[in-house]
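Enquirer: Sequence:
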Amino acid sequence: MIFELYSKRAAKKSGNVVDVYEYENIPQKLKVQTVQIFDEIFGNPDDYYRSDDRAVNVHRCYEEVVRILRREHGVMRLSGSKSYDDDFRLEYLNYILSSKSADFYLDAVEVGITAINVFCRSQSYRALEDAAHRCDEAIKEINYRIKENGVGFEWLNDQIVRIDSELVHAEIVKPALSFLNGAMYAGPRQEFLSAHKHYRAGEHKQAIVDCLKAFESTMKAICDKRGWTYDKGRATAKDLITICFDKGLVPSYWQNNLSNLKALLESGVPTGRNKNAGHGQGATPVDVDDSVVEYIMHMTASTILFLSKSEKELS
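Number 178 in full-length UniProt numbering belongs to position 178 of the sequence shown; there are no gaps in the numbering.
Wrong hints could be hidden among the right ones.
What the hints assert, rightly or not - Below, simulated EDC-like cross-link-like pairs (lysine to aspartate or glutamate); rule was C-alpha separation at most 20 Å, straight line:
1. Lys31 x Glu129
2. Lys238 x Asp224
3. Lys197 x Asp87
4. Lys238 x Glu311
5. Lys174 x Asp158
6. Lys197 x Glu141
7. Lys100 x Glu22
8. Lys197 x Asp289
9. Lys213 x Glu203
10. Lys220 x Glu141
Claimed, not checked - Derived DEER-like restraints, expressed as beta-carbon distance ranges:
11. Leu90 x Ala186: 17 to 27 Å
12. Asn117 x Gln36: 17 to 27 Å
13. Met76 x Asp130: 31 to 41 Å
Read the hints as simulated data drawn from the structure, not as lab findings. C-beta: ideal position from N, C-alpha, C; glycine also.
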């Protein structure tokens, strides 16, 4: 059962909880998924005869990972006082599962991915012809699982980094969410958070749709606060943009920028049809790359931030 404590409600009202990612707590689900990925890519030495080079390689990989983590943390064993009798595989995987802090979990992931690149890419590691491809896919899935679980870190440039260390996220997305924290922006805030949720799940179409909704809802909220009339049932983004300009919310030279955002959002939503789709065959769903969706979401956030600040400064 989820129980929202007073302190959590108070933090939301004060604007202290305004991010779309979690940084302190690692879900057990993510720990389990991480263990499954590493176990699959590293392998299990017990699957081979002890004299088999593959068993030796897998054992050495786990041993190196465990020894690095032991040394850096200054402990004789990774998971409490339990002795694993040099079963480095079990010691490492249990360490991930039982990690008490996000930092320890991320340490294990960072050293583990480094080991993937050092040991597992060679075909001779486990006699796999597609070893390099498997490694790429494993690292890709680790990043995906972290994002899917709403944890704000990723493997980038050979290390684990916080996502909010990126300038756009720190200077645009989080401030935009802070502005949307007020009661008047409850609708667009929910839609923008929903866009992030869909993005983390790889649901690009839905993410872009929610960006457009958040953009429109922000303008509607401003119109409602200012008493500017609009057709609540039929007003489009174009109609709302026109009202905002007519009322002097933003300078006229910015009109093209808002219109371009509207066009970008609408064109980014795939129709999933081609000329043969009407006949029930040959339809090819159109998707959008991660980088494009990120661009659209950041552009939406910056526009929401701009509109919110403009409304606040409007006399």
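Enquirer: None of the hints should be skipped; say for each whether it holds.
Expert: Status of each hint after checking the structure:
1. Lys31 x Glu129: violated (29 Å)
2. Lys238 x Asp224: holds (17 Å)
3. Lys197 x Asp87: violated (39 Å)
4. Lys238 x Glu311: Holds - the C-alpha atoms of Glu311 and Lys238 are around 18 Å apart, at most 20 Å.
5. Lys174 x Asp158: violated (26 Å)
6. Lys197 x Glu141: Holds. Lys197 to Glu141 sits at ~17 Å (cutoff 20 Å).
7. Lys100 x Glu22: Satisfied, since the Cα-Cα distance of roughly 15 Å is no more than 20 Å.
8. Lys197 x Asp289: holds (16 Å)
9. Lys213 x Glu203: holds (16 Å)
10. Lys220 x Glu141: Outside the cut-off at roughly 39 Å; violated.
11. Leu90 x Ala186: 17 to 27 Å: Cβ of Leu90 to Cβ of Ala186: about 48 Å, so the range 17 to 27 Å is violated.
12. Asn117 x Gln36: 17 to 27 Å: holds (19 Å)
13. Met76 x Asp130: 31 to 41 Å: holds (38 Å)
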